[in-house]
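Visitor: The residues making up each chain are set out below.
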Amino acid sequence: MAGTSAGKTLAEKVWNAHVVRPGEGEGAARQPDLIYIDLHLVHEVTSPQAFEGLRLAGRKLRRPDLTIATEDHNTPTLDIDKPIADPTSRTQIETLRTNCKEFGVRLHSLGDAEQGIVHVVGPQLGLTQPGLTVVCGDSHTSTHGAFGALAFGIGTSEVEHVMATQTLSLKPFKTMAINVEGTLRPGVTAKDIILAVIAKIGTGGGQGYVLEYRGSAIRSLSMEARMTICNMSIEAGARAGMVAPDDTTFDYLKGRPHAPEGADWDAAVDYWRTLRSDDDAEFDAEVFLDADTLEPFVTWGTNPGQGVSLSQAVPDPDDFADENAKAAARRALDYMALEAGTPMKDIRVDTVFLGSCTNSRIEDLRIAADIIRGRSKAPNVRMMVVPGSARVRLEAEAEGLDKVFKEFGAEWRFAGCSMCLGMNPDQLAPGERCASTSNRNFEGRQGKGGRTHLVSPVVAAATAVRGTLSSPSDLDPINDDAVSRPAA
Amino acid sequence: MEKFSTHTGIGVPLRQSNVDTDQIIPAVYLKRITRSGFEDALFAAWRKQETFILNQEPFSRGSVLVAGPDFGTGSSREHAVWALKDYGFKVVLSSRFADIFRGNSGKQGLLAAEVAQDDIELIWKELENHPGTEVTVDLQAKTVVCGTLTAPFEIDDYTRWRLLEGLDDIGLTLQHEGDITAYEQTRPAWKPKTLPART
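Chains as they are written, first to last, in UniProt numbering: chain A, 1 to 488; chain B, 1 to 199.
Certain hints may be false.
Derived SDA-like pairs: lysine to any residue, alpha-carbon spacing no greater than 20 Å straight-line [claimed, not checked]:
hint : chain 1 : residue 1 : chain 2 : residue 2
1    : B       : K191      : A       : V269
2    : A       : K448      : A       : D474
3    : A       : K101      : A       : D65
4    : A       : K171      : B       : L167
5    : A       : K254      : A       : A267
6    : A       : K171      : B       : H176
7    : B       : K191      : A       : G431
8    : B       : K191      : A       : G255
9    : B       : K90       : B       : H176
10   : B       : K193      : A       : F103
11   : A       : K171      : B       : K90
12   : A       : K171      : B       : E154
13   : B       : K193      : A       : K171
14   : B       : K142      : B       : R160
15   : A       : K448      : B       : V28
16   : A       : K101      : B       : I155
17   : B       : K193      : A       : G126
18   : A       : K448      : A       : L56
19   : B       : K191      : A       : F250
20   : A       : K406      : A       : E363
21   : B       : K191      : A       : L338
22   : B       : K193      : A       : D334
23   : A       : K174      : B       : T159
24   : B       : K48       : A       : E261
25   : A       : K13       : A       : G208
26   : A       : K345      : A       : F250
27   : B       : K90       : B       : S63
28   : B       : K191      : A       : K345
29   : A       : K345      : A       : S311
30   : A       : K174      : B       : I155
31   : B       : K193      : A       : R256
32   : A       : K101      : A       : K171
33   : B       : K48       : A       : D334
The set of hints was computed from the structure by calculation and includes no laboratory data.
Quick caveat, the model's predicted, so the values are computed rather than measured.
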């Protein structure tokens, strides 16, 4: 971190408040700081080997009261009352249940109202709060930075380290300010901001940095939208993304099950209000993005940095200056079965996936439902809607959103990671093309041979109507009288 | 963890940037609950293609992977490191590693050595022109030797020290348990606790 001026960045303030033991030495030879972890989120995929490590070493889990587990990656989104069909998935889930019982960890299992994607569950319970350090054996832990927490993904060895010590040995991250000024146009969302940021700085551009999203466009975003942005910080190579907490944050938290109450709430808010980068703080790097001119953004390739505005065409690999980028683009077009020069809006999809820790919160579902309400789904397009948590699903059903999706012809599923990575049966078939609100368009990510275009919930919904990548402005107007809306 | 000082083995040129951890090990293999036995999962999709480098002799016996920039991006899965190690890789060379992958490597004794892209290109040429060429990686001297080329590599001093000494992180941290307990006394009472559960 820069740290030469008197002012501190948000990330530095949170870091400094968690140093258990500063690293010895100076400069490059300086050892890592020992950092305290306030909240450890656990799921079934990256934890079994860590629990086993504790067991083999005869160690206890130090702070079960700062640890919470949920089942998400392997869980089916249909027939959740039946035993999990895949025996390896079932074993992994059962292993988590046994481990949580043995080590005293709170677990929200399939069927529980608080079960769901780990990055949806933490915030909705009010456990994710400003100024915390939050870790999980999952790269999208960066999501929780939307609250002004320092939140980042770790590997299984580090999961075991946190279980045993409630700390991590870490070198300070560098800081990068992502300034987004202006007002988003209708139909342009947080997802488009982050896809544009990644296309701008590249998949390695954020490496070693904590990104702090700032500026008027960020301030005006809801918590759900901020989570979408912080979630994909990892796709720019960054460990973490953060937004300084403000009244939007406090309003979201107030009254949630684990939010502070009474005098504790006042003390917490007093502290939280100090969690902003000082005016004279220096960042190690700065990036600027104009919200006014931003358009819906979609990917054409096989890494999240390979994106363009929806109104543009598939780029020509020869137009890339860098040899590695050129080769990567050629390979991507081959895998995606796309030709340079094809307008993005001419690309026909087979499947639309609305879900994942990036875009499966209640606001995402509302936005998509608003677009499809009163419209018909394109024939031959399959649309899957997978709420981020059982709680989101219940909330959506209380608002009647499930009916909107079902009337449209979409599949209304149970909560989990689902087709974002296809560890459960929700996968693309080889060659199938998908407009997905998830976070990674890697080769085979959503199923062997599957082709992924990353999009916002707005574009996902419009695409399900037209059958080709689309924004709401491409849709025919609907006759409002014919639309049934739930009572306000 | 075993001590690492030098390693010599067949170099494998992987001319590709952005090799993400979904390519290194697809998610379907992450359902296992063991920490070993992932050799079959390494690059599982790519290994189905005959032309893939690891399907060619003598590269299939390689132990030093020489990859393009941004190696190990994406998912935090440590299984990527386990799969590389289980297959027989001791070292990965790249001009840029994703942070989490680099960290996971250091915990598991896989050396992720950062080599300038110009040197990577020279090593690629040497390995392609003379398949089976051995690469020597010296962690003490921080050098890579391939044919007539000797190139420096970067690694942070702390990780290098831990690899050289073969030190276990948790054991090191628990030497400071008193500091952890002292810190815990200073945490504000309103900080959230997961127990007892409130819903």
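Visitor: Please verify whether K191(B) and F250(A) have alpha carbons no more than 20 Å apart.
Guide: Judged against 20 Å, a Cα distance of about 15 Å means the pair holds.
Visitor: Taking 20 Å as the top limit, are the C-alpha atoms of K193(B) and K171(A) close enough?
Guide: violated (26 Å)
Visitor: Just to be careful, I want the Cα atoms of K191(B) and K345(A) compared with a cutoff of 20 Å; is the pair within it?
Guide: violated (48 Å)
Visitor: Hey, K90(B) versus H176(B), does the alpha-carbon distance stay inside 20 Å?
Guide: Between K90(B) and H176(B) the Cα gap is close to 31 Å, so the pair fails against 20 Å, i.e. violated.
Visitor: Between K254(A) and A267(A), does the CA-CA distance stay at or below 20 Å?
Guide: Since the Cα atoms of K254(A) and A267(A) sit roughly 13 Å apart, the hinted pair holds (cutoff 20 Å).
Visitor: Just to be careful, I want the Cα atoms of K48(B) and E261(A) compared with a cutoff of 20 Å; is the pair within it?
Guide: With Cα atoms ~57 Å apart, K48(B) and E261(A) exceed 20 Å; violated.
Visitor: Against the 20 Å threshold, does the CA-CA distance of K174(A) and T159(B) hold or violate the hint?
Guide: Between K174(A) and T159(B) the Cα gap is close to 18 Å, so the pair holds against 20 Å.
Visitor: Below or equal to 20 Å on CA atoms is what counts here, so check K193(B) against D334(A).
Guide: Given pair K193(B), D334(A) is violated - Cα atoms ~50 Å apart, limit 20 Å.
Visitor: Please verify whether K101(A) and I155(B) have alpha carbons no more than 20 Å apart.
Guide: The hint is violated at about 40 Å.
Visitor: Mind checking the alpha carbons of K448(A) and D474(A) for me, to see if they're no more than 20 Å apart?
Guide: violated (31 Å)
Visitor: CA of K171(A) to CA of L167(B), is that 20 Å or under?
Guide: Distance ~17 Å between K171(A) and L167(B) Cα, so the pair holds.
Visitor: What's the verdict on K171(A) and K90(B), does the C-alpha distance respect the 20 Å limit or exceed it?
Guide: violated (24 Å)
In the structure shown, a violation is registered for the earlier hints numbered 2, 7, 9, 11, 13, 16, 18, 21, 22, 24, 26, 28 and 32, in ascending order.
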